[in-house]
Amino acid sequence: MVAVTAGPLWEVVSSVPDPELPPVTIADLGILRSIHEVDGDIVVTITPTYSGCPAVEYIESQIVVALVEAGWDRDRIRVERALSPAWSTDWITAAGREKLATSGISPPRTSSAGEGSAVGTPVRLGPIVCPLCGSSNTSEVSRFGSTACKALFRCDDCAEPFDHVKEI
Amino acid sequence: MVGSPQALLSYVLRLADDNLILGQRLGDLVSRMPELEEDIAIANLALDHVGQARNLYQYGSELEAAAGVESPRTEDDFAMLRTEREFLNAVLVEQPNGDFANTMVRQFFVDAYQLPLYDLLSASADERLAAIAAKAVKESRYHLEHSSGWVVTLGDGTPESHDRTQTAVDSLWQFTADLFAADEIEDELVAAGIGVDPATVRATFDGTVADVMAAANITIPGDPYQRIGGRTGFHTEHLGHILPEMQLLYRSHPGVTW
Numbered sequence: 001m002v003a004v005t006a007g008p009l010w011e012v013v014s015s016v017p018d019p020e021l022p023p024v025t026i027a028d029l030g031i032l033r034s035i036h037e038v039d040g041d042i043v044v045t046i047t048p049t050y051s052g053c054p055a056v057e058y059i060e061s062q063i064v065v066a067l068v069e070a071g072w073d074r075d076r077i078r079v080e081r082a083l084s085p086a087w088s089t090d091w092i093t094a095a096g097r098e099k100l101a102t103s104g105i106s107p108p109r110t111s112s113a114g115e116g117s118a119v120g121t122p123v124r125l126g127p128i129v130c131p132l133c134g135s136s137n138t139s140e141v142s143r144f145g146s147t148a149c150k151a152l153f154r155c156d157d158c159a160e161p162f163d164h165v166k167e168i
Numbered sequence: 001m002v003g004s005p006q007a008l009l010s011y012v013l014r015l016a017d018d019n020l021i022l023g024q025r026l027g028d029l030v031s032r033m034p035e036l037e038e039d040i041a042i043a044n045l046a047l048d049h050v051g052q053a054r055n056l057y058q059y060g061s062e063l064e065a066a067a068g069v070e071s072p073r074t075e076d077d078f079a080m081l082r083t084e085r086e087f088l089n090a091v092l093v094e095q096p097n098g099d100f101a102n103t104m105v106r107q108f109f110v111d112a113y114q115l116p117l118y119d120l121l122s123a124s125a126d127e128r129l130a131a132i133a134a135k136a137v138k139e140s141r142y143h144l145e146h147s148s149g150w151v152v153t154l155g156d157g158t159p160e161s162h163d164r165t166q167t168a169v170d171s172l173w174q175f176t177a178d179l180f181a182a183d184e185i186e187d188e189l190v191a192a193g194i195g196v197d198p199a200t201v202r203a204t205f206d207g208t209v210a211d212v213m214a215a216a217n218i219t220i221p222g223d224p225y226q227r228i229g230g231r232t233g234f235h236t237e238h239l240g241h242i243l244p245e246m247q248l249l250y251r252s253h254p255g256v257t258w
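In order, the protein sequences belong to chains Z and R.
Number 168 marks the last residue of the first sequence (this note's numbering); no jumps.
Number 258 marks the last residue of the second sequence (this note's numbering); no jumps.
Only chain Z is shown next, with the shape it has when bound in the complex:
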């Protein structure tokens, strides 16, 4: 079993876009956990962002499609899911955060709400900044947004609504 962290195989898989946040790739989001070569088979391991994330099956199929289009044998590709350790927004790379912000989506703040006591509200870490005008004068419109991983905010200076990737 050989871990693959670079080269053509890594390039093909890591550049698969997230279907719900197309500017970023599954590697940017930390959804792609590992690629291994096992006796000539390719084993790609991904982790869902939320238990009920409806994009997981589509992402799995897109990984297979990308590999087959790049010439790999369909019968030798396996995509597996790992629930543990649970995905955290802290795994979103610096490049991923940059791409989210330039696409008008406020990236999650680091040091996730996954820590803390059994009972408590998600940690709020400083102001959420408008990705359009840079103002910190923003307010939450809805804790739940267009996808499981986002909340809806509004900028109180430029008045634009925007998505914020929730810290978990």
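Just so you know, the hints here were simulated from the structure itself, not pulled from any lab data.
All residues carry an ideal CB built from backbone N, CA and C; glycine is no exception.
Label-pair distances were calculated between CB atoms; the ranges are: (1) Z:Pro-85 to R:Gly-149: 27 to 37 Å; (2) Z:Ser-135 to R:Pro-254: 54 to 64 Å; (3) R:Ala-203 to Z:Cys-133: 43 to 53 Å.
With the hints as your guide, set chain R onto chain Z.
Positioned in the frame of chain Z, the structure of chain R alone reads:
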């Protein structure tokens, strides 16, 4: 000591069924919430609960395979081919949606239960259960923040919203003890370090409920009557109405996939 495969499967199905039936109830409300943001929120809650149920049913399927069952049930078989007496959810989650206050009070009771449950379960000796719980606990934090916020907003709101919230608490309180009803299955799995002691979860639940009800100016009913039985398949009349609607498609087209 290791829990028996049959006890573990029952335990997993109890956890899964709570989530599936609540997810089905919440799914009914999509497009019917009082405002757009709440509509999206309710869909998100439903999605999280159904997702947690799927993770648990998939594990249940693997447990049957590992136990040597000839044709192990799939996640769809668990959800779509069991009868009312075979569902092991707590009776709280099958209660009708009612008005918005009723929906949010029911959700709050479930969230106040699931958050400490998943938190403790994430340290389970069973690695798979621990992984499923560690994922779910992050979702539960957002759920509890949302539902407790609404209970306070409504309870501490207008006379109308206060009265409706108090009515919801009065009618739903009798179904809360079923969340913590323990039998030999819990005892066996708690002893094995796999399951969570319901009494420990109950202590945290009681603290959360007391805090939120105080902030909402809502009184917890003094009536001690509690309806239990869901964990062993004895349900209120409502589950029997949920199942035909939920299972119609799968039963009409055996083997269908989506």
